[in-house]
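A.B. asks: Chains as they are written, first to last, in the numbering used here: chain A, 1 to 213; chain B, 1 to 213; chain C, 1 to 213; chain D, 1 to 213.
What the hints contain is simulated information worked out from the structure, not anything from laboratory work.
You may find that some hints are simply not true.
What the hints assert, rightly or not - Covered stretches of chain C, going by a simulated chain D footprint (3 or more residues, C-beta under 8 Å):
id	stretch
1	15 to 26
2	86 to 93
3	98 to 108
4	111 to 120
As the list claims (entries may be wrong) - Far from chain C, by Cβ distances over 10 Å, these chain B residues were calculated:
id	residue
5	R8
6	V9
7	F12
8	V43
9	V52
10	I83
11	Y106
12	V114
13	H139
14	A155
15	Q159
16	L190
Unchecked claim - Taking lysine-lysine and the DSS-like style, the derived pairs with C-alpha atoms no more than 25 Å apart in a straight line are:
id	chain 1	residue 1	chain 2	residue 2
17	B	K29	C	K29
18	A	K29	C	K29
19	B	K146	A	K29
20	D	K146	A	K29
21	B	K29	D	K146
22	C	K29	D	K146
Note that the structure is predicted; figures quoted are calculated from it, not measured.
We put the CB at the ideal spot given by N, CA and C, even for glycine.
4 protein chains.
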Amino acid sequence: MQEKETGRVEAFSDGVFAVAITLLVLNIKVPGLLPDDKGLWAVLAREWSMYVAYITSFATIGIMWLNHHRILVHIRRTDTILILLNLLLLSIIVLIPVPTDLLAEYLVRPDMHVAAIIYSSMFFVMSCCFNFLWRYASHENRLLAKNVSPQAVAAINQQYLCGPLFYTVTFVVAWFNAPISILLNFILALFFAIPGPSLASFSGRMKREETVV
Amino acid sequence: MQEKETGRVEAFSDGVFAVAITLLVLNIKVPGLLPDDKGLWAVLAREWSMYVAYITSFATIGIMWLNHHRILVHIRRTDTILILLNLLLLSIIVLIPVPTDLLAEYLVRPDMHVAAIIYSSMFFVMSCCFNFLWRYASHENRLLAKNVSPQAVAAINQQYLCGPLFYTVTFVVAWFNAPISILLNFILALFFAIPGPSLASFSGRMKREETVV
Amino acid sequence: MQEKETGRVEAFSDGVFAVAITLLVLNIKVPGLLPDDKGLWAVLAREWSMYVAYITSFATIGIMWLNHHRILVHIRRTDTILILLNLLLLSIIVLIPVPTDLLAEYLVRPDMHVAAIIYSSMFFVMSCCFNFLWRYASHENRLLAKNVSPQAVAAINQQYLCGPLFYTVTFVVAWFNAPISILLNFILALFFAIPGPSLASFSGRMKREETVV
Amino acid sequence: MQEKETGRVEAFSDGVFAVAITLLVLNIKVPGLLPDDKGLWAVLAREWSMYVAYITSFATIGIMWLNHHRILVHIRRTDTILILLNLLLLSIIVLIPVPTDLLAEYLVRPDMHVAAIIYSSMFFVMSCCFNFLWRYASHENRLLAKNVSPQAVAAINQQYLCGPLFYTVTFVVAWFNAPISILLNFILALFFAIPGPSLASFSGRMKREETVV
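Looking at chain A on its own, in the form it has when it is part of the complex (with noise of 0.2 Å):
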């Protein structure tokens, strides 16, 4: 029956992502009646900052959707305080169609910096809930299946935390220079796309060669 709880978690989890990475499609607007006599390419490429915006979004979002999967493979049991921290963090992913619009919006205007900040706040904030959500279920073993290595849950403690780090390194950047910090914020997408114990193996490659040299 325990078992059960954490299907439905993820039923709901599942829709909210599902939702929240399809309206991203409603900031790409079409253009409607072209004022002058410039053709429908040279409105479309105007647009650029929509499909930056899309992209950086869609990945972002899915991409946590897979790290999402991922904690739940290792959780088995359920309580109201990991629901709450857990709506905590759908809160926010439902939240980014609104930053994501506000940059495709101002990505091109004086004010793209003000954009930028905010976006690299939301995903900072998103970190943050990612960590409460994976702390409070992994401490002691809490909610976890019994048979979860302790180098598995350490290998994601360890990425996790930089999340908040790397994303307050974007935050910065964000306000000396937007367009780098988007890309910053895509890349760092694709790295939480590596699953955590082959980037600790990869980690342990290193320091071990490290050793023999």
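Chain A is fixed; fit chains B, C and D onto it per the hints.
C.D. replies: What follows is chains B, C and D alone, placed relative to chain A:
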């Protein structure tokens, strides 16, 4: 086969809750071309009523999903009346983005008490629907699992009866002070996050302590 | 493996029904800046046609989901034609918010019979699609579970044949009186909430009573 | 535990497909206040391009869901690369409402070939993503179930390779004749509804008959 029916009722309800909670974000509009020389920060700060409405409604829908989940853990069988009562509840959940939008729009205008009254009365109707659903299913254990403890049923009964009572309070407060009624709605959502049985054991302990004194 | 296929058809259909029923709420627009000195109550009251359209369409989609659920309880296997017929049905379900919006907009204007005609004909097509889906699956027990009783199949057959007939009536009424045709559509939705077999036993009892008389 | 992972990938994909297919309806706008004395019928008839775009895109997304379903019946295990390829495919599916809207808007204007070109190239990219996903999973039976017949794999391989080829044709046709390219896209969707193995047995029979002749 009966259990499978519950499964699909849950899947459909999860979908509706997930879409309704995500549609709340459509209420948060990104400012278009700025008419005057104020910066983007100032414009975004002026939209605080949208964020208040978003947070209260997200908390309410999310925690109502949690309660729906708790109820359906106990329910094993379904019949047509249960599905219709569930549809009635969902029809209110789906509507919540409308009074939320109304609140976001009018919380900064003279008509704000109208928006707060409609907002509170929507939650009043919602809590009544929850009572209908639970009372119908739990009456003489009609549709419950065989091993449900009478204490758990009584605890949920007691907590859910508070819903219409408490929302009547926020409804009355809304006529005099809209912001306080919204704050009360938010606190009420948190109250319903506490699981019924622990509330019961808490109030049981309170009573025992009173007896001791 | 065949049963698993039905599972995913149900999951996709549940998702489409859930999103379509939730999108109905987008038709209810919150009034913007009030141009004259009338209060918010008066403005909201003037929008009654939106609420009528919302209630009728919500009841129809919700109860069609219930019928879809009832049909798929009996269906065990799937093939390409069943999935295509299901897609055809879903393409009509997804469209329902459009005539609903049309109705909400035009129920207070001279062209209201056009809106009511389109609304009723959409439901007529929907009920035909339901018949196609069920007839294809149940013909010579093609895709049904082995233990389905012929009585249950016959009862559903009978009730579903009424669909196109009854919606033809609301279609004809729409040419003369739009409000009555909408009321009939709402009553028809409630009629389809009654499970087929109990209808059959009810009409069977009626016949027996007639025989007795 | 590996099979459970496939389950959640399917649930998330089902959600995204369901939301994307339902958002198509947002492209169909209900006419507002009529500026001249033409009736509502005339205004609705003028919107034929919206219905054409809706039907073609609904058929394409629906049948792509069917193909996704067919592929995942054979896939048993998942890894990070599969999930990322799946996200890539979903990012295109989610975008389809945009060129659909573009087509609905511009099919009645001089720039219609631009809309048709973008529409066809979107489907070309989508069919490439399907090939990536399937080739990655089926290469040396990497992630397939053990009992998948090599014939079934070869049949799907063959049919999917046709995708990019055929969509290149509709892309080229779009430069010369937009309506015919849209018709071809619709026919292509129907072609992908036919299950691969039956296509293979059909073309096999054709060849045998040729040999006999």
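A.B. asks: If a hint holds in the structure, say so; if it doesn't, say that too.
C.D. replies: Hint-by-hint comparison with the structure:
{"no.": "1", "hint": "15 to 26", "in the structure": "holds (count 7)"}
{"no.": "2", "hint": "86 to 93", "in the structure": "holds (count 3)"}
{"no.": "3", "hint": "98 to 108", "in the structure": "holds (count 5)"}
{"no.": "4", "hint": "111 to 120", "in the structure": "holds (count 4)"}
{"no.": "5", "hint": "R8", "in the structure": "violated (6 Å)"}
{"no.": "6", "hint": "V9", "in the structure": "violated (8 Å)"}
{"no.": "7", "hint": "F12", "in the structure": "violated (5 Å)"}
{"no.": "8", "hint": "V43", "in the structure": "holds (17 Å)"}
{"no.": "9", "hint": "V52", "in the structure": "holds (16 Å)"}
{"no.": "10", "hint": "I83", "in the structure": "violated (6 Å)"}
{"no.": "11", "hint": "Y106", "in the structure": "violated (7 Å)"}
{"no.": "12", "hint": "V114", "in the structure": "violated (4 Å)"}
{"no.": "13", "hint": "H139", "in the structure": "holds (20 Å)"}
{"no.": "14", "hint": "A155", "in the structure": "holds (30 Å)"}
{"no.": "15", "hint": "Q159", "in the structure": "holds (27 Å)"}
{"no.": "16", "hint": "L190", "in the structure": "holds (25 Å)"}
{"no.": "17", "hint": "B:K29 <-> C:K29", "in the structure": "holds (14 Å)"}
{"no.": "18", "hint": "A:K29 <-> C:K29", "in the structure": "holds (20 Å)"}
{"no.": "19", "hint": "B:K146 <-> A:K29", "in the structure": "violated (54 Å)"}
{"no.": "20", "hint": "D:K146 <-> A:K29", "in the structure": "violated (46 Å)"}
{"no.": "21", "hint": "B:K29 <-> D:K146", "in the structure": "violated (51 Å)"}
{"no.": "22", "hint": "C:K29 <-> D:K146", "in the structure": "violated (54 Å)"}
Of the numbered hints given earlier, the model fails hints 5, 6, 7, 10, 11, 12, 19, 20, 21, 22; all others are met.
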